[in-house]
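Enquirer: Each chain, written out:
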Amino acid sequence: MAYWENKRVIEVLKNKRAERKARKEGISLLRAGLVWTVLVAVLVFLMLTAIAIGSVRYPLALVLRALFGLEEGTVSVIVLNLRLPRVLLAMLLGAALATSGSLLQAVMRNPLADPGIIGVSAGAATAATTILLLFPALALSVPLFAFIGAGLACLLIYSMAWKGGVDPIRLILTGVAINAVLGGYTGLLQLMYSDNLASVLAFMNGNLSGRSWVHVQTVVVYCIIGLGASLFCIKSANALQLGDEMCKNLGVRVNLNRIVLSAVSAFLAAATVSVVGLIGFVGLVVPRVARMLVGSDYRVMLPTSMLLGAAVLLFADTVGRSIVPGMEIPVGIVMAVIGGPAFLYMLRKRGRFSGT
Amino acid sequence: MELKAQAIDIAYDMRTVVHGMDIRINKKEITTIVGPNGSGKSTVLKAITRLIPHKKGTVYLGGKLLKEYRPKALSRCIGVLPQVHAAPADFRVRELVSYGRMPHQKMLSGLSEEDRRVIDWAMNATGVFEMRDKSIFQISGGERQRVWIATVLAQQPEILFLDEPTTFLDVAHQYETMRLVQRLNRETGIGVVMVLHDLGHALEVSDRIIAMKEGKKYAEGTPSEVITPDVLKAVWGVTGKVVDVGGRPIIVYDELFAPTIS
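As they're listed, the protein sequences go chains A and B. Okay, so the first sequence: first residue is 1 according to the working numbering, each after it adds one. Okay, so the second sequence: first residue is 357 according to the working numbering, each after it adds one.
Next comes chain B alone, as it looks inside the complex (with noise of 0.2 Å):
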């Protein structure tokens, strides 16, 4: 399944907040939407998960214009987990997770077999299935977010959507979440999108890379190609240099207070 928006305009009431944006997602990629606070990578990720309506252009996914879905067969294609999400603090783990399961069921059927051999599946892949029984405060903020990955997981999706799921997460659980992103994408295929502020992380997990500034996209590539210092000052305004540790690129910025080179 490829999922792709041509030309789209996003607006917030009366403001367009996105211009003419072109995205491609394949199936099986990771791709990462990078770009400085407000510069509408968010707001892409909710358009083409139809979270949100896009004004102009038009986005398919799998050949079907996004807006002909039903919103049930849109959740068994996609999921989607955004940045904010709240559970009532008494709702167990397993519980939550079985709410992936809402797009396969009829309006008032309870759970199947075929659901109960998902949410277990969905549990185990994201390791959460040995707290299955633990409420959704017993456990710590990197667990809580697995949680909610695996409840987007249980909807069977064939393209994975994370809005900063790194975002409220010490570095430990960050690292934790993007070593399970990649991990899902490697072993079973799902096509994973992102929406990350840390650039150490994009460059290190995503094959393909789309930099956004002021509603449009500035740059689009491999990491190697769109990291670049270049790119540093032109849309976030840093100075900074890639350089490659033990064959990994790592950003190195310029110091705080060392007088700009321009």
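So here's chain A without its partners, still in its complex pose (with noise of 0.2 Å):
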């Protein structure tokens, strides 16, 4: 008889195990079901408030009867063909970014990391610079070539960083080196092309407006690649939270499953980044938030972090779109008003994240 088999033990914990079951588990799921119905009511409310503001505003009534096709004319052209295909793209992107946040949390072993850190937005913009400024004449193929931007850059970072295997610290300050870089190069490239900024700095502060369902069909075909695999990666997740000696313990291939789970964060945020252009703080706050609401478990966590941010960018979107009458702020700039102090609120209200 193996020694983890003790009958009399086995007995003893039966009854205890099923009131365990019934009582405990209970409660830790019971909450993340009431955190995600608030977040999917927030979700359904603010969508229907960004459909019915903007330039006209639609009563409730209104909006309904023109998403199920009740209404012809101009209020059906301005909800289902303008306002609904920004509204599910902010929502997809949200998501997306939040997703590629927790993931790289993750691989980095910390609540700090950012797709930025590995390169993701410094070698689009890297990209979309150069196109916008020295070849005008491509500017079609940004998101093209802002996508191969980021892919490069982050596999520049990680190769540079690899030493028998990846270290989180050595990456984020690769990452830091590599990002000083790209954005001495972009600034260099801006300086000498000033006249033709504007585009190159709707790239820059990511927006979301002009965007119509041929984006959306973009989209969400990379976020049924993206999300579907970060629910691959869920497991790996949470062991490498673990540390690395703990995972090789339990059989866990460290440096592979921060490849693949890096590799899923950077395609969603490249991704993202190539259709509207840089989006900061998503891919930092929401994962943390969604931390402190439901727990460090990403079985939990990951769902509430997409469902979060899709709130969240496409609540930005709706204020930058609306809070001054007749100008639209972009929504990268929106985040990052937003962005910069929640994080710091949240940065002293919670030092503590993980321990011996």
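Some hints here could point you the wrong way.
[Said to hold, decoys possible] With a straight-line Cα cutoff of 25 Å, these simulated BS3-like cross-link-like pairs (lysine-lysine) come out: (1) B:K462 <-> A:K235; (2) B:K569 <-> B:K360; (3) B:K428 <-> B:K383; (4) A:K163 <-> B:K462.
[Unchecked claim] Residues of chain A clear of chain B, computed beta-carbon distances all greater than 10 Å: (5) W36; (6) V40; (7) L67; (8) D167; (9) A202; (10) G326; (11) I329.
[What the hints assert, rightly or not] According to the in silico footprint, chain A covers these stretches of chain B (three or more CB under 8 Å from chain A): (12) 403 to 411; (13) 424 to 436.
If you're looking for bench data, these hints aren't it; they were derived computationally from the structure. Built from N, CA and C at the ideal position, the CB exists for glycine as well.
Both chains come to you apart, so use the hints to assemble them.
Expert: As structure tokens, then:
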């Protein structure tokens, strides 16, 4: 008989186990369920509000009728072809960015990791700036180049940081260095071509205006791939939180998992950047709030992060296009203005993440 | 299951820190590796558990080369509690221990009935069952160390490796941890390999002690064979003697400011 099969212990534990299962597991799921319900309700509310407000305001009833195809003419066009795709886009991209940040925080074992640190933003910005300023004829292909640029910068950082494995600290520091170089390059280009900066600025301050169903289709494909893949990362993301050596002890291939998680994270961030330009803070702040709400178990934390990311970006975009009448503030700017202070607040409120 | 390392060299980058180490671990025994800081004792523990690679030599586990094991298969044979480990503060005891079942699970599966049974056993064997719903930051350092031991036990290993399990603990918790290790070994027959700094602990709980100095094995044998005034002097550079107090060997070091007798 193996040593763990002690009959006496098993008998005693059987009853306790049933009791415990009902009591405690119930509570943690209940909590997650509650948070999810609230988030979904908030999302629906935000969606309806976002569709209702804008240069023309519609009452809720009209919005609903238009959504269900009961209206025709201008109302239908504005609701279905202008506002709905934008709302969906904001939600999808918010979820993608939040997921990207969540995965990266597991890779770095650090709640302060942001997709920007692995070069996604800097790489995309470098590519986009180069195309927009040096090869303006290719301007329509900016999303493609931005995606490739983001991927290349990420690869560069990983290969520079690789030394028999990926060490989070080395990765972060390498990221800082490469980001600085790329930032210098884009800065120089902007100085040299300071007459044509409008398009570059639009890219640098992530912007959702003028996006249509075509963009939604692209992003849906990205999200199905990226968000789908992220669900398969949950177990390794959880394990990585226990430290490298503990992971190895548990038979988890640490380096392989780090690379897979980073790749999924980079893919989601790059996809977002390529469609709307740079949006900061979602990947940084949202996973942290999700952690506060439901804890660090990625099985509940990741879905929470997705929902919350969708809500946050939709909120930011709606604020951006409605707060100043007649003017749109890019969502990237709104996120920076809301996200910065929110982040500071969280930093001061909660310092502790992990311990031995 | 027996672990046998023959003439292994271990290097960090280009610097070889352990030279020609032979080590043999028998199941059901408590083996303790001791030595001064930088003698390579933790390095050896990591190499024979494959947390780090070794440069030369061979390590066999149960007659099979260590490097031929698949990661999960190895994790079902040996369990290692590293010196440095971390977990998010909100993890509950039960949740953390359940990670010990990872080597037994498929990629996407949840906890089976068998898994839950072993988790409960591991928590019970380490005395943390009652605090299973607390978060790991609501409990004391000693309790947390027992939770980690429970996590490794949930792997159902045949040999348990502990890297300085008492280092960050106060005296009471050190005592508690040592007692737990001894009890686990006696009651379940699980083999234990530890790295310890405290020679007193090593003397009391070990069946066999390996003393290391400057990356090499200096002495090996039963506690009374290894912990002698000569070895204390040669390995740690301290003078003292081992006295018998009520059948227990106790180390009495020379007074701090006494002139060294050479």
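Enquirer: Enumerate the violated hints, using their earlier numbering and listing them in ascending order.
Expert: Structure breaks hint 4 only.
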